[in-house]
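Participant: For the record, the sequence lines run as chains A and B. Quick note: the first sequence uses the working numbering, first residue 190, plus one each step. Quick note: the second sequence uses the working numbering, first residue 190, plus one each step.
Possibly wrong hints are sitting among the right ones.
For identical chains, the list gives no copy identity; a pair is met inside one copy or between any two copies.
Quick list of in silico lysine to aspartate or glutamate cross-link-like pairs, DMTMM-like style, CA-CA up to 25 Å [claimed, not checked]:
id, residue 1, residue 2
1, K595, D295
2, K807, E821
3, K355, D741
4, K563, E724
5, K753, E475
6, K437, E322
7, K684, E601
8, K640, E356
9, K437, E356
10, K618, E356
11, K525, D695
12, K800, D705
Since the hints were made in silico from the structure, they are not lab data.
Number of protein chains: 2
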Amino acid sequence: MNLRRILIGNPLRSEEAQHQAIGKVVALAVFASDALSSTAYATQEILIVLAAAAAISGTAVLGTSIPIAIAITILLAILTISYRQTIFSYPGGGGAYIVAHDNFGDRAAQIAGASLLVNYILTVSVSISSGVEQVASAFPALYPHRVTIAVIAIAGMTLINLRGVKESGSIFAVPTYFFIAVTMFTLLRGLFQWLTGTLNIVEDVEVLHYPASEQMQYGWFLILYAFSSGCSAITGVEAVSNGIPAFKEPRTKNAAATMIVMSSLLGTMFLGITFLANAVHAQPSEVETIISQVARAVHGSSVFYYLQLGGTAVILIMAANTAYADFPRVAALMAKDGFVPRQLAFKGSRLVFSWGIMALAIAAIILIIIFNAKTTLLIPLYAIGVFMGFTLSQFGMVRRWLRVSKFGADDEIVLAHTTMRFDPQWRIKAIINAVGGTLTFIVMCVFTYTKFTHGAWITAIVIPILVVLFIRIKKHYVDVARALSLSKRVVHPSKLPLHTVVFVDDVHMGTTHMVDFAMSLGSPWTAVHFEDNPEKSKIIQSKWQERMGEWDHPLIMHPAPFRKVSDTAAEYVRELQMEEPDTIIHVIMGQIIMHSWPSQALHANTSIGIKMALQNMKGVVVTDVPYQIRQEDVENAPPNEPSDYQVTTSVH
Amino acid sequence: MNLRRILIGNPLRSEEAQHQAIGKVVALAVFASDALSSTAYATQEILIVLAAAAAISGTAVLGTSIPIAIAITILLAILTISYRQTIFSYPGGGGAYIVAHDNFGDRAAQIAGASLLVNYILTVSVSISSGVEQVASAFPALYPHRVTIAVIAIAGMTLINLRGVKESGSIFAVPTYFFIAVTMFTLLRGLFQWLTGTLNIVEDVEVLHYPASEQMQYGWFLILYAFSSGCSAITGVEAVSNGIPAFKEPRTKNAAATMIVMSSLLGTMFLGITFLANAVHAQPSEVETIISQVARAVHGSSVFYYLQLGGTAVILIMAANTAYADFPRVAALMAKDGFVPRQLAFKGSRLVFSWGIMALAIAAIILIIIFNAKTTLLIPLYAIGVFMGFTLSQFGMVRRWLRVSKFGADDEIVLAHTTMRFDPQWRIKAIINAVGGTLTFIVMCVFTYTKFTHGAWITAIVIPILVVLFIRIKKHYVDVARALSLSKRVVHPSKLPLHTVVFVDDVHMGTTHMVDFAMSLGSPWTAVHFEDNPEKSKIIQSKWQERMGEWDHPLIMHPAPFRKVSDTAAEYVRELQMEEPDTIIHVIMGQIIMHSWPSQALHANTSIGIKMALQNMKGVVVTDVPYQIRQEDVENAPPNEPSDYQVTTSVH
């Protein structure tokens, strides 16, 4: 209990929720780190595709990366405007799940939800694995322990997030802002060198020999392929929209502003890195990243080069923190709608969705173990879900504008998460969303086609399975609600006949408490013992008679020829029910409670088994009379007095 | 439940125990397979040591293996006579644990017990790993899946043993007798060929280049080293003595006879293989075992060669079955004495010590995973425990003879497992045991010295840790027995004041059952709801008033500002106790019971948390009123009627 408080802090009152909201500065660090981290590899992804094409056609096409990067930045701008519209339309959190839910219904919402959840899990697995890979390349001795280090890192990040988004945001803001600062410095210094003609060119790079294939012929598909690969730059853009409830009031305004700043930074950095990569003649290599080549050309081997590399490693890890901020929120929204276990909607002692945080951590750890913490194996699983989410969200918004276009000026529809009103600008807004949705859909198709055999097929199987599962969970909750419903009836509680039975396992201090309780109820009762060990049972019978005073309560001995007391007890209760059909059978049992778990495990805990067997029987009620044995009870027991009770049994 | 019956069979009545006893034919298969399997490698162990010495000194010393094997066979004979004496002295099972217990007391007994338990676990790990290695060398594609195959093999063997020793014995008797038959045939044919001068010599063996060390100088230590290594032949000899209760009556006679037959077979086969190995000039090799070389020389490449190899692979796996027969018995003896968890003394539905069988399987699987199913890594852990057990058992018997030597003709001491009487032959019996004990002690020391850095150190650490743990467990049981003891007092059960509280989580069908029970008790009660979600609590309050008819029972609303209902409930009960110190607080709670585990997991199961919090409080008694929702309840619920109850909660 105290350990818990030290690790995750004192419990917070429900009223304190508002104080847990975060300002724009911290929010940028929390929600932008996933998006910004992609600048560490997006340019490289484009260049790899183009370099492979160059290897076949023999012509230098790396320069094409600049127009491609500009196109991607335009797509980023469209998505940003589009998500900004979503934020204002869905002030309670407007990710793909909500937008698809309100505009296309349950099925589409579950596809979006499954995509988002899978992505956030992958974000954690990939970013932690890549961070650990960076560390292991600096200290090769750690390489065989990658999985262990990754699991420890996830455990640490989980703990900090269980303390609350405000604390995790503050802790993790430092590395995020450090990365932004150092990258902007590199870009500005590089630009200055380029303008003054002093920018170096990298020459000693061991060029990557990319396995060229038929797909790689230079042509429209190649451009599309390079464009799609570069679109990894815009993953994470939706993070703010899922996290609106974490912001300080005015929430939507703050969220929208954060989103604009994030996209501007992202666009600037991505374009800047791509431009400089061309200017310094960077080429994709197996041993040196593009960002390292750019930094080396700009800074030489000065301290700034190492700061850029360190900042990049750190932002890759920080990307996981965005997933920690968003996964639990999306899961909680889905839990409120009944599509995932309801526990995911519970706020823990620190007002965060603790179950969601734990679920994310466990799923990410399982993925890391299965894929042995290898980033290259995990990345192909990624893209389908991201762009599936974008596409559903965009077309959901288009649907919204088409619906409100038919509204009169005073019409209003209140849905679960939004209020729909006519919007005079619906045409232009619908066009922006439609263009964004079409582009992201194309990117998704290209990704599915090019990465299918590399692992994307796994996602293509997992998402539909999750959707079916979510829909079955919802059906379960609806069915149970129906089965529990009183259907607005007025119920008249009634006094029913009771038959009270006390199960006597042995005769000791705990037994006297149990008998005291049975006496205190003031109704007749019978005591029964199940003879799983006839030898021992004889001792118990005689002890019952000797110890329990002169009274009229015999101990009924019931044979248990198969030794399993839980089955025998259930059989016994079933017989009682046959004799007295409309009676509640009230079973009273003792249980010895030890001061620690290991001690408890040393005892038979028969009462747990009996309770499990009885709880499935209608009309049976079980009372537990615990008898606590604490460390001090054990120490205070008269040491020299021989015990007339043996814990261990003779069975031979 | 049905699956369980199919897998392990119908439950057996306690009276049927005698029918589960096994005859000598099956018993030989069960208890001899461990000992006989060692003939597959013991000769080789001697030759490896001698070959290494030969590589240094340049002289041919492999012939020394025959006198060494004769010496080992003499030790085997001494041990057999000695264990035969033990069987008659300890008819309830006379392994090292019991003998050490009755003659040296608890500490020595725990050392012996820990050694035996560790050995049986190692026997399973080693024999299954080596069996899987043999299979993998025939089908190399299986090599990377060694651990998985080993785990599956253990699971299968566990299942068969859970059916009972009679069934497992019958199933596993076939391969054991097959090995005996084929090996005796090989030996007889080889002997005949040798007598007629037609025995071939193996020449094309790729000889092992053993890493020679200083220890390997030819001399007295080398002889001792080779002798100790060859003593792996006699591991498993104690198996019968631990398993006496499994035999048909007359138990001791049958057990003693089985032991003699086993030792005769073992001695004959071990001597025979060693003799033939010399006759065919077999040499230790990394690619071919000695037994394969012998079989190849005798049978050529005929079908008998392959039968011998197959039989050898199978007996190595069967050795694990001996451990399954003995580990649970030794553990049950220790559990009866209170040194290991008492559950290990429970007989399951098939009259076997199910917990012991499961514990053995789990421990062996953990070892296999840790050591990656590699036999060479596991074997050095082995020998210390085996010879520790032999030594304690032998010297325990010496102590026994010395004690009874002072008895008069009519004196008698009844101990836990034996009755001591004067024995006129005590001198010769004591000498036999003393010689056996001294030899096994020397072997243990040599093993510890030569194998310490190869892994024997692990056993040297684990056994003392286990001993300390066992003694602490015993102390716990003694302390608890003392704390629970009524100290022969007569108790007068008394009627105490009761305060009944009904915890209302929500208002639905289950709630009405809970209220019905509270009414039926016939005493006053109060209903309380903990407001973990104020919004929802308002709905519950109004539902309580609407649905529960016109009566005088208000629903008390108690704030739960930190949302965790279990903590709030405990706090509430503590306040009640402060107000009414000598009252039993009777808490009535509802619990929704689903038809399956996955369904149950979809619900909050708050009552479990509350019960865990309350069971640590003295004077508090909790009644569970379960409300079962079965598949048919869900299906029969009126589908078109809207539910007035929501399972999922709104938390935002």
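Participant: Need the list of violated hint numbers for this structure, in ascending order.
Facilitator: Violated hints (numbers, rising): 3, 4, 5, 6, 7, 8, 10; every other hint is consistent with the structure.
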